[in-house]
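S.K.: So the chains spell out like this:
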Amino acid sequence: MDFDLSEDQRLLQDSLSKLLKDKYGFEQRKGYMASETGWSREVWAAYAELGLLGMPFAEEDGGLGYGAVETMIVTEQMGRSLTLEPFMSTVVMGGGFLRHGATAEQRAAMVPEIAAGTLLLAFAHTEPQSRFDLHDVATTAKKDGAGWVIDGRKGVVVHGDTADRLIVTARISGARRDRDGIGVFLVPADAQGVTRRGFGTADGQRAADITFDGVKVGAEALLTGSGGGIALVERVADETIAAMAAEAVGCMEAAKDLTVDYLKTRKQFGRPIGSFQALQHRAAEMMVCLEQARSMAMLAAMMASEPDAAERRRQMRAVKVEVGRNARFVGQQTVQMHGGIAMTMEYAGGHYLKRLTVIENMFGDMDHHLAALSEEGGVFLAA
Amino acid sequence: MDLRFTDEERAFREEVRAWIDANLPADTRERMASGRTPTKAMQVDWQRRLYDKGWAVPHWPVEWGGQPWSAIKRFILSEEIQSTPAPSPLGFNCNMLGPVLVAFGTEEQKKHFLPKLASLDLWFCQGFSEPGAGSDLASLKCAAKRDGDHYIVNGQKTWTTLAQHADWIFLLVRTDPGAAKQQEGISFLLVDMKTPGITVRPIITIDGAHEVNEVFFDDVKVPVANLVGTENRGWDCAKFLLSNERTGQARVGASKERIRRLKLIAKEAPGGARPVMEDPRFRSRLTDVEVQLKALEMTTLRVLADENRQLSRGKPNPASSVLKIRGTELQQAISELYVMAAGPYGLAAPNDPEADGRNEPDIAQDWQTLAQATYFNWRKQSIYGGSTEIQKNIMAKAFLGL
Chain G
1 MDFDLSEDQR LLQDSLSKLL KDKYGFEQRK GYMASETGWS REVWAAYAEL
51 GLLGMPFAEE DGGLGYGAVE TMIVTEQMGR SLTLEPFMST VVMGGGFLRH
101 GATAEQRAAM VPEIAAGTLL LAFAHTEPQS RFDLHDVATT AKKDGAGWVI
151 DGRKGVVVHG DTADRLIVTA RISGARRDRD GIGVFLVPAD AQGVTRRGFG
201 TADGQRAADI TFDGVKVGAE ALLTGSGGGI ALVERVADET IAAMAAEAVG
251 CMEAAKDLTV DYLKTRKQFG RPIGSFQALQ HRAAEMMVCL EQARSMAMLA
301 AMMASEPDAA ERRRQMRAVK VEVGRNARFV GQQTVQMHGG IAMTMEYAGG
351 HYLKRLTVIE NMFGDMDHHL AALSEEGGVF LAA
Chain H
384 MDLRFTDEER AFREEVRAWI DANLPADTRE RMASGRTPTK AMQVDWQRRL
434 YDKGWAVPHW PVEWGGQPWS AIKRFILSEE IQSTPAPSPL GFNCNMLGPV
484 LVAFGTEEQK KHFLPKLASL DLWFCQGFSE PGAGSDLASL KCAAKRDGDH
534 YIVNGQKTWT TLAQHADWIF LLVRTDPGAA KQQEGISFLL VDMKTPGITV
584 RPIITIDGAH EVNEVFFDDV KVPVANLVGT ENRGWDCAKF LLSNERTGQA
634 RVGASKERIR RLKLIAKEAP GGARPVMEDP RFRSRLTDVE VQLKALEMTT
684 LRVLADENRQ LSRGKPNPAS SVLKIRGTEL QQAISELYVM AAGPYGLAAP
734 NDPEADGRNE PDIAQDWQTL AQATYFNWRK QSIYGGSTEI QKNIMAKAFL
784 GL
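Keeping their order, the protein sequence lines are chains G and H. Numbering-wise, the numbering used here puts 136 at position 136 of the first sequence, and it's gapless, one number per residue. Numbering-wise, the numbering used here puts 631 at position 248 of the second sequence, and it's gapless, one number per residue.
What the hints contain is simulated information worked out from the structure, not anything from laboratory work. There could be a bad hint or two in this list.
As the list claims (entries may be wrong) - List of simulated lysine-lysine pairs, BS3-like, C-alpha gap at most 27 angstroms:
hint	chain 1	residue 1	chain 2	residue 2
1	H	LYS423	H	LYS763
2	G	LYS267	H	LYS423
3	H	LYS780	G	LYS264
Just chain G, same shape as in the assembly (with noise of 0.2 angstroms):
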């Protein structure tokens, strides 16, 4: 058992910081938002440049072949700056599908293109009805030819506005909610018969809504994947939740620091307001909150390679409550012990806070996770 980063993941760790450390101010970012991608090509450019958009993939199709590990310590980074880029929808949403249900042609044709910044990606599956349930899949796809053609809508595709393809959920086969019969496309986002209707998210962030009307795909589109549809998007889910869990704690780490230094600075009677118990005790249980998460990143990154699925995704059900419970405290923390300062959009305590909160309700919120864990029988199973 060893919990320390290696001398290369330390090197990725302290070069990742520095780039965020130089281009991703609280006031850089502000400018990022306000463009009309709502995130930073240049910066986008710099990850690649940096490797960071090829690190998943195996080395022979054009990646670094890291795992879940670096992962974690880059969306960790990132979520210290709140960053904005289409990271998770690219290379750890787009990327999972791919190298768990792509072809080796399909990754040699489109791996380098990811890597080298140019090709982006995002993934279309939650619908109106569907809330989180991952096989609650209404979109169709029907036999044409050899190819399919699909029709539905998803809504808050993350990054769905600028993605050059769209990864699509949709029913092969059998009911709504069967478990069965769902297939994974690949859709190019201008295909005759895409809508996307570009938004913002709570965080500040970009997400579309997209219709699916008539749209023609080759039989090549259909990802495939062991275990089918469903086993594919469940494994990619538990990958993002892992790389979602070190985001929420590089965000909460950032945030217990700003909350930590303007209790120090902040004067109110005479003093500073960190001389108060009451606040004082509240820092402190942020931490215990933060170590707590942190731990549980840890297992998640652990957990992501896990053979055995049932198992992978009882881990990551515990590892979505946990850290949605302590981002939830440490997220509120921040604005209260702040106080107004931290309501403002002029300041960074309240944007964790939004960004916390979102990553609480992606891929499942905490009593979603909570009840279908005790249904699979709890954490610790009987011997």
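Given chain G, work out where chain H should sit, using these hints.
M.R.: Below, chain H alone, put in the same frame as chain G:
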């Protein structure tokens, strides 16, 4: 980063499990499994077996009976003991006094006491708290005056756990009432409980158990040779002792065992009732506690794996403070779940001959009547060893610079 146990560590776990199975006496196993604490005889017998095996004090230096093991290997042993469940080696001897003697004791003290602490030939209790010195421990008043080759001790200690079993007591006493800072006039003494002038009076706690005591000292003569460390520097020993306590207090292995047992119990249908496990609200609460326990398990392992670096850094891992706070919260939360699972039959007080022993044994099942007693008793956990509030004071100061 690799968070899997190695093959060697896994094999060691199997070895420990098999050895405990072969060596834990049936009556001890049964009593522990029912959720009770071991009797004195059970504790002594079991610790002797661990000692003979070389497993009572693996964290001590090898020359004093320790093992050259990694922190993870030690964790595996203690987790297996807790999850059997079998009695853990007596904390006062093995985790508190032993390391203090190793660090501060004279060669004679080490030679005389350390083997007896490890084997439990001598049972020590802890004389720190006083009626007027709880969280503010350094304000203690119990006085020791030098008189030739002896100290004369006068005063009172309280909350003295299992003093009724103890052969000896380690004491914090005030040796210099005039010191500039109250921490500076304190000394650390070892006292034979049979010395004339010592009176032990039981305190019965809200669960009906006799676990803690008041101990009175009336002109008690203690040889100067029983001073540990330097006179008036006893606070150093006390701080060292308290900072050693933290990882142990998470007791993840014990909590996992309690949850495993609760899951079995909650599937039963006493008197034809619907098993409480079928109530989604109960199940959800239980799962929520499991989730937190999983996080605590990971945090515990992080702290242990970091132990060697902590020594060179001279500063504990910030994650270590989490262990006492969350560890005790979770043990308490589990005790609440038992009360919920017990339902109305949990209202019957336990039939424990060592407590008041008035109830007939068949009023309810053992686990039902013990549920509330344990719940009441375990409220102590967030109070002793530095209350949750004191832990947070320490964190705010040491880690956050507030």
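S.K.: Take the hints in turn and mark each one as holding or not.
M.R.: Hints versus structure:
| no. | hint | result |
| --- | --- | --- |
| 1 | H:LYS423 x H:LYS763 | 21 angstroms, holds |
| 2 | G:LYS267 x H:LYS423 | 56 angstroms, violated |
| 3 | H:LYS780 x G:LYS264 | 12 angstroms, holds |
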